[in-house]
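There are 2 protein chains.
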Amino acid sequence: MSQILKGMRIVEGSAFVAVPLAGMTLAQMGADVIRFDRIGGGLDAKRWPVAPSGQSLFWAGMNKGKRSIAVDMRAPEGKELITRIITAPGEDAGMFLTNLRVRGWMDHETLSKHRADLIMVTLMGDRHGRPQVDYTVNPALGIPDITGPEGYAEPVANALPAWDLIAGNMVVSSLLAAERHRLRKGEGQDVELSLKDVAAATLGHLGMIGDAMLNDDARGKSGNALYGAYGQDFLCADGKRVMVIGLTGRQWAALVKVTGSGDAIDSLAAQTGLDLKEEGVRWALRHQITEIFKPWFAAQNAAIVGRKLDEAGATWSHFRTVKEAVAEDADLSTDNPMFEMLHQPGLGTFPVPGAPMTFSASARKPAAKAPVLGAHTEEILGDVVGMDDTEISRLFDTGIVQSPNFAVSRHVA
Amino acid sequence: MSQILKGMRIVEGSAFVAVPLAGMTLAQMGADVIRFDRIGGGLDAKRWPVAPSGQSLFWAGMNKGKRSIAVDMRAPEGKELITRIITAPGEDAGMFLTNLRVRGWMDHETLSKHRADLIMVTLMGDRHGRPQVDYTVNPALGIPDITGPEGYAEPVANALPAWDLIAGNMVVSSLLAAERHRLRKGEGQDVELSLKDVAAATLGHLGMIGDAMLNDDARGKSGNALYGAYGQDFLCADGKRVMVIGLTGRQWAALVKVTGSGDAIDSLAAQTGLDLKEEGVRWALRHQITEIFKPWFAAQNAAIVGRKLDEAGATWSHFRTVKEAVAEDADLSTDNPMFEMLHQPGLGTFPVPGAPMTFSASARKPAAKAPVLGAHTEEILGDVVGMDDTEISRLFDTGIVQSPNFAVSRHVA
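Protein chains in written order, with this note's numbering: chain A, 1 to 413; chain B, 1001 to 1413.
Misleading hints may appear alongside valid ones.
Claimed, not checked - Derived pair list, reagent style DSS-like, types lysine-lysine, alpha-carbon separation capped at 25 Å:
1) B:LYS1308 x B:LYS1294
2) B:LYS1046 x A:LYS277
3) B:LYS1308 x A:LYS221
4) A:LYS6 x B:LYS1185
5) B:LYS1323 x A:LYS221
Keep in mind that the hints were calculated from the coordinates and are not lab data.
If you're wondering where the values come from, they're calculated on a predicted model, not measured in any experiment.
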């Protein structure tokens, strides 16, 4: 069995989260993904988090399993080289992902002159082509206003770059859809999407645009409560915190039963005249429900609470710090076949994830390291561009390309 | 031009966010997506937000452009019907998405006896098959611990179901990759992924697992600051708030220039002996930097601030509530070709988004309404299962299927 996208070749000119994640996801499914960067590294070469050495853990995380080439793109010869790599022949090649939005030599119109069936996927900031990032799209659409403790006066941003992560996965879907079309019709595509449109569409998908337009009451902050039904965090006797879910009827019944709250919940229903089998009622009465459940959690340690919740078939989890999760949760360790323990030069040794999906008729690609910047420059010039050793040496000598294996006279940061 | 996935047929048995979103994304790219539900509606039929009528805006948002069939799956004949729909012939059919995880009649082993090249994508809670939801995966992995105001003692959950949204898009990619393989090799696939694995892998991709293992200092909460470089929210004279970004060198230079802070930033560099061109230094000195910038924002209204930031080429945005965003932002209106103003029966009239990506050689599908539950029952029994009118009438008469167009004698909620 080979990996599901084995044989496909993608070229990526990118920085930061979304497009690097897209390329990496394709690489983890078996595609040959070539990321090109300027000499010295792209805009995200030093992005945090960093290892004790100061080298970027983020870059290593986002570029796993890719091949890397470093090219001086200010030089005409560097531009030509990138053009040849992007538009190199091959039935399963001619695919380019980017968020760099370089007009002229690197746009779809120009590149497709060199390969008519080129598929290019461009992620922009907004639909007008203006720069936007996860940290600006999020407040513009109101998510920080509904995030945070109930009653807290200020907006609270996501720590997770959720829009970037969603957009990156949509870049993957777009590429695969466009390649499916090309396989059938022979046509290339210029595919465009923007981070802000991804977020705006998602707001609509979640029903939030209709909610904002049709309902007078604006949705407020609700702390760690599950919106629109029941779900809440509780402190246990040992100060540890758990999250419990009462979204479906089954989950709700399990929660009422395990906490021994049947009579109290019945009294609440009688007193309010409301049916707590309705999720909207549980949402409206969430504070009263939480007061009923609270003593059960406060009376015992989290380990006991967890065991009882498991026995009752409840849906729940611990609250952990990232350090605790990495130290304690087997799902974040090599006990999980998704992870490999790898040593990455300059960084250290830690569990590195492969792709989360498994295909029964295709092999899972073991998690791979990220390349050192420019590590595959020489081999890409050979096997993709088709250059001979003399041509390749000349490019290194003139500083048009760079790799960690070749000493060069000038270093451009 | 037709839509990029025109002709593809997907069957979806699902509830809540991730898998419904996956099916809808494929429908918005032109696929014929059939969602089946039990009679009376699935677990998410009443999910919040809801319209003033009490009907679910969420369900309408997540099921746009699909066909809907309602079947009594407790009856053997209902199970057989669903099996026939999932495994119906057609080169571009035989694809099934689910998060219901029904063992026996609806698992891959059983279904693939009816169609050997079936592609089935199953999203689970965790890799062990246990139920987990966005609201439990998130605290288990530590995101709420790093979210929220600096110094705030408690975990702060995401208001956005980010993991569900990411996982849903990975379901789309997985399906398209599996179908590509089937087109070439004729083989079906049993594809599995879990919400928790998606989250665990993402933590690794972002460098957070390495950070937690290699660095002694745990990443803390940092409010609305951009992690690892510079980006911060500021209050303007009129009490409105803006977010500004100083992640790249160009963004940082624009920010220093527009706020007239060159001398103050130079003094800070001299005083600390640090180079603020390094993003990690800007992160370490972010509070001092913010104090330098603050008076410029506080001295003028947000409209003026915004105009000056635009002129300076800065990357920035307003903070808005969702209601303000929907009322004020043209990107959330029909000024954006992604949106259509649609009337949805029982809900109301509001802008409804289509897919955020555009394909130059394929048509964009205009945003479509969600079906009423069971609206396509009759036509699906005809055009997919190939039943004649007599057979179809019998199924309605016996209550095995239901549609809003047929009166039925028994109603099972």
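- request: May I ask which of the numbered hints given earlier this structure violates, with the numbers listed in increasing order?
  value: 3
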